[in-house]
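*Asks:* Chain A is fixed; fit chain B onto it per the hints.
Heads up: the sequence lines are chains A and B, in that order. Numbering (numbering that gives the first Met the number 0) for the first sequence: 0 to 323. Numbering (numbering that gives the first Met the number 0) for the second sequence: 0 to 263.
Read the hints as simulated data drawn from the structure, not as lab findings. It should be emphasised that the depicted structure is a prediction, and the values quoted were computed from it without experimental measurement. Each hint should be verified, as a subset may be incorrect.
[Claimed, not checked] Computed from the model, here is a short list of chain A residues facing chain B with C-beta under 10 Å:
#1 D144
#2 A145
#3 L163
#4 F187
#5 L191
#6 R193
#7 G197
In this text, a Cβ means the ideal position worked out from N, Cα and C, and glycines have one as well.
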Amino acid sequence: MDRQETADVRHRSSAASAGVLEDDPAGAPNGTVASTPEADSVVRSDVSGALPEGEAEIELRGVSKLFTSRHRETLALTDINLGIRKEEFVTLVGQSGCGKTTMLRILAGLIKPTSGEVRIKDRSLWRGNTRDESALRQLGLVFQDANLFPWYTVEDNIGLPLALRKVDKKQRRQRAHELGELVGLTGFEKALPRELSGGMRQRVAIARALSYDPEILLMDEPFGALDAMTRDKMNMELQRIAQTTKATVVLVTHSIAEAVFLADRVVLLSARPGRLRSITEIPAKRPRQLEVTAEPGFQDRVVNLRHQLIEDEERVARHGGVSE
Amino acid sequence: MSPRTRRLIPWISTIGSIIVLVIIWKLVIAVFDVSPFVLPQPEKVVGGVRDLVQENGFWTDVRITLTETLVGFGIAIVLGIGLGTLLGRVQWLEQAMRPVIVASQVVPKVALIPLFIIWFGFGITSKIIIVAMIAFFPMLLNTILGVRSVDEGQKDVMKSLNASRWQTFRRLEYPSTLPYILAGMEVAIIFAVIGAIVGEYLGGDQGLGYQIVTSLNNLEAERLFAVIFCLTLFGFILYLAVVALKRFLIPWHASAIDNTTAST
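If we strip away everything but chain A, and leave its shape as in the complex, we get (with noise of 0.2 Å):
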């Protein structure tokens, strides 16, 4: 492990006082490393996330997950460890099969972690087998495909949150105008979905996300079915709409551009398990504009994510895995 700009999280807020992007991100100060050797028979993440008590607004406890199928076991995700402030935002990045996903359904409750626990704001997600009412409706969720509904409307779409609430008609409307014209739909409340192009659809699945006012927004490739164009507006879209919500993110992407555009700190995942590699933090003031991406700074710490990246592929390819 000669690559040890994994940021300890504990020194973000020094280095997020910089404003601006320092030239050297293995400036950095060195992470705690989170693998014990005499650990053998549990792969550990190579980092913890874990933040001090109470700093938190979500977070991840020693959270795995195994997927058993009829033929195999797959330890998709193992020993995360990850707490995520209020209103920051973070990426999630990895190579295809990392358990970036995974993590976030986990983080959705959309899947049950094997072990572990998922705690939001302070609540656990999970109790027994049951996921915690008001811990839900701080999530919104983002997927890759919009996943509207096509017999309903626009409007009706971004209300749906609201009306599996049993929030009245005309509040539904009133809340569809306003994140319409939040997300730049105004003028498309009566359309379609059918009738609008990928990046209004998924602008629509944004909106509706945000319906109820949930303070974590969770994305799940959302722009990975967009042109690169539409992808990098939409980019900025989301930067101001996060801004403006002051909404917590959590965003898995497979672009490391895109990650560290967005993000706050970017966190890499291993495969084969999946685990914590490093979280790199991103200390350029907001809002970002696209010139961002053209500063020193921002190069290296893309061209170090990749690093990491390629080691973590060809690691995978060499050995097939630390598990099996």
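*Replies:* The following block gives chain B in isolation, referenced to the frame of chain A:
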């Protein structure tokens, strides 16, 4: 091409194809010197239709065939959707039932009609059962497919919103299964008409299907053609009713958008 002209195309082509058909019809009669007992002149058939409609009991026949078709179709819809929903949801049950379903599908159901007539008599009941049986399978298969095709991503949306069982059914499963059910109904209504007619002419003394048999027995080609014409119209109207229902229930669905019905 302007949208208005485009809308007219089906009408123009319909009229055009009727004219072409009549011309060929007359040509065949003229060139091959076909006997009027085999193929009457088109205008004679028009006259035949006029006579048929004025016949005593014609409308009773229509009503009987209509009753058989609609009641049987209704039974097929209820059973098809009910059983289809069950089998679509419960995987092991569907697996257990699969041989039975396949076997009952493969059986040429028309061959069973005489059997039903023996069992349920020459009256309306046997025809209703025949219609229900024939229309049942497209309903069943489409419902199973529809229930299975509910999108996983959309299910995740409902799950992440902690939607109740009923909310998920009402807002997701029901609307996403509807297009499949309506597609099944489009096929089933045609099958239902076929079932009623075949049932009537294999064993019955009433209905439009029976009128085919009487025309044939009396060697009344004109009247035979007139009955066929009326039956075509009959099926067409029922089919259009299903299409109208589809447009009413799933206006958001691609199948309900393009203007295909006027040309069929």
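*Asks:* Could you tell me which of the hints above the structure violates, numbers in ascending order?
*Replies:* Failing hints, ascending: 4 and 7.
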